[in-house]
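As given, the protein sequences belong to chains A and B, one line each in that order.
Everything in the first sequence is counted per the working numbering, starting at 376 for the first residue and increasing by one.
Everything in the second sequence is counted per the working numbering, starting at 376 for the first residue and increasing by one.
Rather than coming from a laboratory, the hints here were simulated on the basis of the structure.
Worth double-checking, as some hints may not be accurate.
Heads up, the list lumps identical chains together, so a pair's fine if it works in one copy or across two of them.
[What the hints assert, rightly or not] Straight-line Cα separation of at most 30 Å, DSSO-like style, residue types lysine-lysine; simulated pairs: (1) K614 to K518; (2) K405 to K465; (3) K650 to K592; (4) K579 to K465; (5) K465 to K592; (6) K606 to K687; (7) K465 to K637; (8) K561 to K449; (9) K519 to K650; (10) K658 to K637; (11) K606 to K404; (12) K449 to K606; (13) K465 to K606; (14) K561 to K687.
Remember, it's a predicted structure, so these values are computed and weren't measured experimentally.
Number of protein chains: 2
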Amino acid sequence: MKEQDLYLGIVAVNYTTGDISTPNTILEKKIGVEENYIFRRTGIQNRFYLSAEQSFLNLALSSVNKLLAETEIKPEDISVIICASTTFDKNSPSLACEILNQIDPAANNLDCFALDINAACSGYVYGLDVVKNQLLSTYTEAKKNYALLVTNEAFSHFLGNSPTSDIIFGDASSATLIELSAHVQKNWKATIHNSQIGSVRDRKNSIVLFNEYGCNKMLMNGLSVYENAVKTMTYSVNKLLSVNNLSVSDITMFIPHQANSKIIEAISRSLGVAKEHFYCNIKEFGNTGASSIPICLTEIFYSEHKQVPYTKGMLTSFGAGFAYGSMLIEFI
Amino acid sequence: MKEQDLYLGIVAVNYTTGDISTPNTILEKKIGVEENYIFRRTGIQNRFYLSAEQSFLNLALSSVNKLLAETEIKPEDISVIICASTTFDKNSPSLACEILNQIDPAANNLDCFALDINAACSGYVYGLDVVKNQLLSTYTEAKKNYALLVTNEAFSHFLGNSPTSDIIFGDASSATLIELSAHVQKNWKATIHNSQIGSVRDRKNSIVLFNEYGCNKMLMNGLSVYENAVKTMTYSVNKLLSVNNLSVSDITMFIPHQANSKIIEAISRSLGVAKEHFYCNIKEFGNTGASSIPICLTEIFYSEHKQVPYTKGMLTSFGAGFAYGSMLIEFI
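Given only the sequences and the hints, what does the whole structure look like? Please build it.
Spelled out as structure tokens, the structure:
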């Protein structure tokens with residue numbers, strides 16, 4: 376293991392939303408609040424829900440299959456598959472194994488590390504860290520060193536019992552291909568650097584997703600989430616900057632978990648960073664849990680946003696538990 | 376990161392079972408089979424179920440609190456907490472965060488990597504690998520480098536709808552303290568070496584745990600599990616031996632996941648190893664999923680078994696998905 380000589384890169388990333396576009400007006404009527412109430416409180420205008428035909432597995436496979444088509448990677452080149460979700464639809468088998476059963480029916484790959492993880496809305500940052508360390512531990516020059524990081528969130532299966540969360544969450548999956556290599560590759564979108572990851576105390580059981588008498592439910596204490604999210608992401612970003620001898624002005628784009636536009640604005644104030652440096656697309660998707668950061672990355676890497684001369688970026692997330700994490704990346 | 380100069384050790388391990396001892400006679404009467412039917416087919420005589428007063432969280436905390444009392448480790452010394460389960464009782468918050476909220480109410484530790492993982496019955500071996508790589512990635516001489524690996528299984532919440540699985544599974548948690556250090560420590564029970572981990576195709580959806588209309592259910596295709604388990608664990612053990620230039624005779628004790636005594640006997644035949652070299656305590660506990668290997672380790676490290684002059688040991692596991700893994704350890 377020689378981490379100092381190796382580079383970790385994001386080769387490709389994409390996302391898939393639920394099929395049913397659901398603008399605020401539908402929800403405002405349903406929960407009985409005035410027009411524009413949701414946008415004023417959350418910055419959200421729309422979110423997508425799974426249709427009755429879209430299964431949890433198929434949502435994930437949509438992103439995975441697009442990724443395999445784009446990159447032309449074979450399933451047997453994947454050393455690690457990590458699936459992050461807050462909304463797993465069953466206890467067993469794992470989504471990671473289910474995906475491999477689908478994409479490698481000929482069983483060409485028997486040695487893929489296949490694991491489901493749950494760090495709620497911090498699943499992508501936690502997942503990147505697990506991917507990084509697993510790839511490092513099995514690296515050899517003789518083989519391809521690819522990992523697949525999937526996020527898959529079907530929050531709509533947990534909504535309907537609490538207006539506080541009903542207005543915020545949406546459904547989406549994502550798939551990211553990550554490569555460990557002795558050289559930075561031309562086709563990479565970004566390199567992944569170090570992280571600052573942890574967990575802080577939730578004294579109020581602020582975000583709970585559970586099943587009660589056959590009904591999935593979600594309960595959220597919005598104020599407690601807001602206060603802890605702002606404080607903790609500010610702490611995490613500052614700590615990671617400090618470890619890297621960087622200041623906030625060295626980061627051209629912060630890519631925060633899209634929890635609520637009020638939280639994103641408060642972090643930008645708390646860090647003293649103009650909000651233009653905080654990527655925000657929550658208006659269109661709502662909060663898609665572990666999928667929110669990779670949706671942002673897809674937009675940044677594949678759209679006109681890429682024209683902006685980005686250099687360093689920082690992912691930062693916070694979610695139920697509370698589990699949080701930040702990660703430094705460098706745009707290519 | 377200098378893995379070659381660092382050693383990973385198991386400092387302590389313990390387990391807790393469900394409160395209700397449930398011998399075969401009770402189940403044989405319930406499902407209407409003759410006396411001794413269960414023991415003949417599975418090698419199991421007893422298993423433990425959670426009582427109505429024992430919650431999922433409390434089952435895990437019993438083991439964690441015993442571990443903290445035994446080792447006198449403070450919560451702030453723990454860099455990583457990984458919780459492995461097949462039978463998580465809710466989607467959010469993670470068990471890892473719930474445990475930290477309980478054992479560190481004063482919030483002395485804000486930087487603990489806290490993650491739930493699901494690799495079914497291979498959760499302990501997958502978890503050890505994640506722990507190893509996470510500890511390596513954050514190692515510094517200046518701090519304590521401890522990880523807590525918790526397994527927590529409440530299979531009884533998923534039983535009652537299929538005699539095939541009803542007769543096999545039991546409830547138990549475990550807690551393992553793992554340390555990364557520049558020196559092998561006197562108080563360690565074993566050192567942890569390399570692993571061979573992967574996943575093979577399950578074409579028959581052989582082990583499924585899900586919730587249907589408010590009822591947790593478990594379905595299992597026993598024959599498919601048996602055939603794949605024997606083939607895959609044999610493959611994994613042979614591959615890990617080969618990577619280490621070892622032969623089966625170098626391993627004084629194989630510690631397999633306790634799935635079914637027939638599977639354990641078949642692997643011992645398939646590897647050409649006398650069954651005395653396969654640790655087996657399934658008679659007493661049934662199949663406790665991710666908790667079965669750490670229960671074996673507790674018995675080996677803390678009981679008269681320790682008197683046997685063990686040197687090298689090998690953990691090997693197989694479970695739903697199918698996810699499998701083997702790991703080489705050295706007894707101290």
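So, going through the hints one by one against the coordinates:
no.: 1; hint: K614 to K518; verdict: between (35 Å within a copy, 17 Å between copies)
no.: 2; hint: K405 to K465; verdict: both (29 Å within a copy, 27 Å between copies)
no.: 3; hint: K650 to K592; verdict: neither (34 Å within a copy, 48 Å between copies)
no.: 4; hint: K579 to K465; verdict: both (26 Å within a copy, 17 Å between copies)
no.: 5; hint: K465 to K592; verdict: both (15 Å within a copy, 10 Å between copies)
no.: 6; hint: K606 to K687; verdict: within (23 Å within a copy, 48 Å between copies)
no.: 7; hint: K465 to K637; verdict: between (33 Å within a copy, 28 Å between copies)
no.: 8; hint: K561 to K449; verdict: within (19 Å within a copy, 46 Å between copies)
no.: 9; hint: K519 to K650; verdict: neither (39 Å within a copy, 38 Å between copies)
no.: 10; hint: K658 to K637; verdict: within (12 Å within a copy, 57 Å between copies)
no.: 11; hint: K606 to K404; verdict: neither (34 Å within a copy, 57 Å between copies)
no.: 12; hint: K449 to K606; verdict: between (43 Å within a copy, 25 Å between copies)
no.: 13; hint: K465 to K606; verdict: between (33 Å within a copy, 26 Å between copies)
no.: 14; hint: K561 to K687; verdict: within (17 Å within a copy, 45 Å between copies)
Checked against the numbered hints above, the structure breaks hints 3, 9 and 11 and satisfies the rest.
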